[in-house]
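Taken in sequence, the protein lines are chains A and B.
With the working numbering applied, the first sequence corresponds to residues 1 to 435, in that order.
With the working numbering applied, the second sequence corresponds to residues 1 to 427, in that order.
Calculated from the structure, these hints are not laboratory results.
Just so you know, nobody snuck in bad clues.
Short, incomplete list of chain B residues facing chain A, as computed with Cβ under 7 Å: (1) I17; (2) V20; (3) V176; (4) S311.
For every residue, glycine included, the Cβ atom is placed at its ideal position computed from N, Cα and C.
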Amino acid sequence: MKRKLLKQIGHEWRSNLWLAFELLVISIVLWYIADFLSVQIITLNEPMGRHTENCYLISYDRVQPGSDGFNPADSTRETYIDNWTQFIDRLRSYPDIEELAQCNHLGVPYRQSSWNVSLTGTDGTDTIYLVNPSVMYVTPDYIRMFRITGPRGESTEQLAKILESGSAIISGNTLKITKFTNEAVLEAVRNRDTADPYEHVGKRFICPAITETDSITIGAIMLPTKRIEYEHPGQNILIRLDPLDFSNGQECIVRVKADRVDGFEERILADSEDRLRVGNFFISDVMSLMSIRNISQADYRDKMVNHWVVMLFLLASIFLGLLGTFWFRTQQRVSEIAIRKVNGASSAMIMRRLIGEGLLLLVIVTPLAIAGDWLLCHFELNTPIDWYGTPVSPLRFLLLAAIVFATISLMIILGIWLPATRAMRIDPATALKDE
Amino acid sequence: MTQLTRIYREMRRQPVIGLVTLFGTALAIFLIMIVVLMQNVNTIPFSPESNRGRFLHGRHLHMKTDNGECSGGMSYQTARTFFCDLEGAEAVSLHTDGGSQTTAGIPGAPQAEASNLETDAYFWKVFDFTFIHGNPYSAADVESDAKVAVISESLAREVFGTPDAVGRTLMLDHFVPYTVRGVVKDVSPLATTAYATVWTPLSHDARNNTWYNYFGGITATVLAKDRSDFDRIRKCVTRNKAKFNTAVKAENEAWAMIDHGSPFPQEMLQYATWSNQSPDVGASESRRTRLAVYAILLLIPAINLSSMTQSRLRRRVSEMGVRRAFGCTRLRMVRDIVTENLIVTLAGGLIGLLSSLIAVWMFADMLFTGSLAKGGTVAVAPEMLLQWSTFGWALLFCFLLNLLSSGLPAWRAARMNPTDAIGGQPK
Chain A
1 MKRKLLKQIG HEWRSNLWLA FELLVISIVL WYIADFLSVQ IITLNEPMGR HTENCYLISY
61 DRVQPGSDGF NPADSTRETY IDNWTQFIDR LRSYPDIEEL AQCNHLGVPY RQSSWNVSLT
121 GTDGTDTIYL VNPSVMYVTP DYIRMFRITG PRGESTEQLA KILESGSAII SGNTLKITKF
181 TNEAVLEAVR NRDTADPYEH VGKRFICPAI TETDSITIGA IMLPTKRIEY EHPGQNILIR
241 LDPLDFSNGQ ECIVRVKADR VDGFEERILA DSEDRLRVGN FFISDVMSLM SIRNISQADY
301 RDKMVNHWVV MLFLLASIFL GLLGTFWFRT QQRVSEIAIR KVNGASSAMI MRRLIGEGLL
361 LLVIVTPLAI AGDWLLCHFE LNTPIDWYGT PVSPLRFLLL AAIVFATISL MIILGIWLPA
421 TRAMRIDPAT ALKDE
Chain B
1 MTQLTRIYRE MRRQPVIGLV TLFGTALAIF LIMIVVLMQN VNTIPFSPES NRGRFLHGRH
61 LHMKTDNGEC SGGMSYQTAR TFFCDLEGAE AVSLHTDGGS QTTAGIPGAP QAEASNLETD
121 AYFWKVFDFT FIHGNPYSAA DVESDAKVAV ISESLAREVF GTPDAVGRTL MLDHFVPYTV
181 RGVVKDVSPL ATTAYATVWT PLSHDARNNT WYNYFGGITA TVLAKDRSDF DRIRKCVTRN
241 KAKFNTAVKA ENEAWAMIDH GSPFPQEMLQ YATWSNQSPD VGASESRRTR LAVYAILLLI
301 PAINLSSMTQ SRLRRRVSEM GVRRAFGCTR LRMVRDIVTE NLIVTLAGGL IGLLSSLIAV
361 WMFADMLFTG SLAKGGTVAV APEMLLQWST FGWALLFCFL LNLLSSGLPA WRAARMNPTD
421 AIGGQPK
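Extracted from the complex, chain A is given alone in its bound form (with noise of 0.2 Å):
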């Protein structure tokens, strides 16, 4: 059956050869397809280390000089910091908000600026260096309101009570490295040389761009975080940020009671201008965590959105390709089918036959677009699956390669189906009349 159905393949071998080939070019776009989604799929389903549900970013402003209702008084040091806690204080007590945190810039989930540091130490007798955590100032109510852990399962409140005692917190898949050579981070990026994070804890490190003048001890080990959806987890350490200091900027966020989420936005913004101004302070702005997210995510799930639309459309050219060769093909084929039929062959077999020939391509072409998936990725063209550009595991590979040879299949199955049915209907004394 084999060797016929190869013998009668190698007879329209013209017609075949670019049905082969073009076989050959979509199973390999779309296995670069499937390891790009498989890449945003695994990486959407990393956790993304805080729990932003029901989280609203308060955006507050001061009554500008010239504005109605500026004070004044209201503008000197002390009074601005007076304020400012009374400010956080009303909307601790707002009743619509269950939990209050404040942080710096970077420490609001979803955006995607970043501060990397490297932080020195001693390792008994060598000098060590934790590459490139990203700083966030972030309260203990922080740690809590995201529900931040600890790989060993450090409960968020023992996380919270290490910051709040002053030692920084960071995450566990921080690189170290002993020489602090550009050679030595990408050895250690590729080996991804964490070592055994919690070796770290207890020491002191040094880390100018954060404090000249005080060492940093690290307190805890957490769980990595993500900025966004779409991205790995990066690296990370929290450091205490003093409520009441400004200089490395006051970002306040805010959990809503579950049953008070409807209509917070509204609800605030309304009591902006009296019940939560105080003095110079007032709320300027709501935003949701997951709007923030929203717009931050849009260019990667277009780009999610773009890939899955070339797949489609790749898969809809193979059924028409295949729809329409063998619409002829049988057509072409009536005597043939029709002496078939005579000689006592049942429709299944002519619709297993006439579909063995599409398979049989595909097998034939199979071989040649895994070592194309191959080559793409020994030059590196694939998605890389996380920041260390760690190679695609062969079981990946493999799988992608079968879902691939099977989403194909079944593109040829219908796509030969209809005209196999149609061509099964003849009669052969009809079809063969003329003979």
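Position chain B against the provided structure of chain A, taking the given hints into account.
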């Protein structure tokens, strides 16, 4: 005419193949045109950016410092130094880079969300807004830091319930009173440089807001008299930058400007995302991706259509044999087949183009989510889509698709031996 009849007869005889060919072509052209249209929106002129062809944009500043590098927007002073005394420029406008989110409203009522762009008075010369009521603010207003504003029609309706809001007081950011000086027709967020819903004079705050002396949030849009003046303008900017660099060096020897060749024409603006990188980098990468996308979108349907054309021609071998036997040249045969096919391709292309125009028009919000982030709704006006260039591109892609899909089969058919062909046994 005979060809049209032939095609019609062919279609009647083979309705499925005819439809598959037509649908396949339409699908390919549809997707290609969506890509083209989305790309076009960045460069095609529409109000208030009708002069996009004559724009040069100055966006960023990148400097070497004593302990590394620093990059970002320009301060007002830096922008003024770079973009003063430009030969060949009709007008130069300095304004903030992208509208800042704020609120607008009247006291005691819910505040509307607004996007606020601070501009100088030349802004109204560079960009052609349509004023429904009132006028733009003047250079004297900008100088005196006057609290006046031009607002969009939809914001006027939302806040005041009527577009005629000239002379009314609008509170920006809850507490700052502005007098409405003019109301303009709504601007699409796709007009990336001019988009806002409230335009106010470039405030003293914005002008004095600098960091590291040279950086700030100001951007420049130069309107050249003609595209041929671009080189002259760039020369003047280079001269100004050299002066700037000398002044910087006099202050601190280790500091120097790293030039990325700004100002850029409109077609490069979309790639001028990073302040420490030349837009050429992004442009060449995007061009490569686009070429790959076009190649795939053209090649795959071409293979399909080609194998269908070939099958179709095989049914007509005897007809071709007879034509060849009666002295029809190969060239003429190829021409006839390609032309015949082109008519089908053009019909499919037209369906594809029309559906892509309708799709972009109807689903603009979904297609341009990046611009949507700025606020408002992305309305794509018909005049933004119905450009000669769009039809030109569609036609070009149809020709390419046709040549790819019918060229080879036609050539093969024309090479057939007439005797074999008449006997129905082509080799």
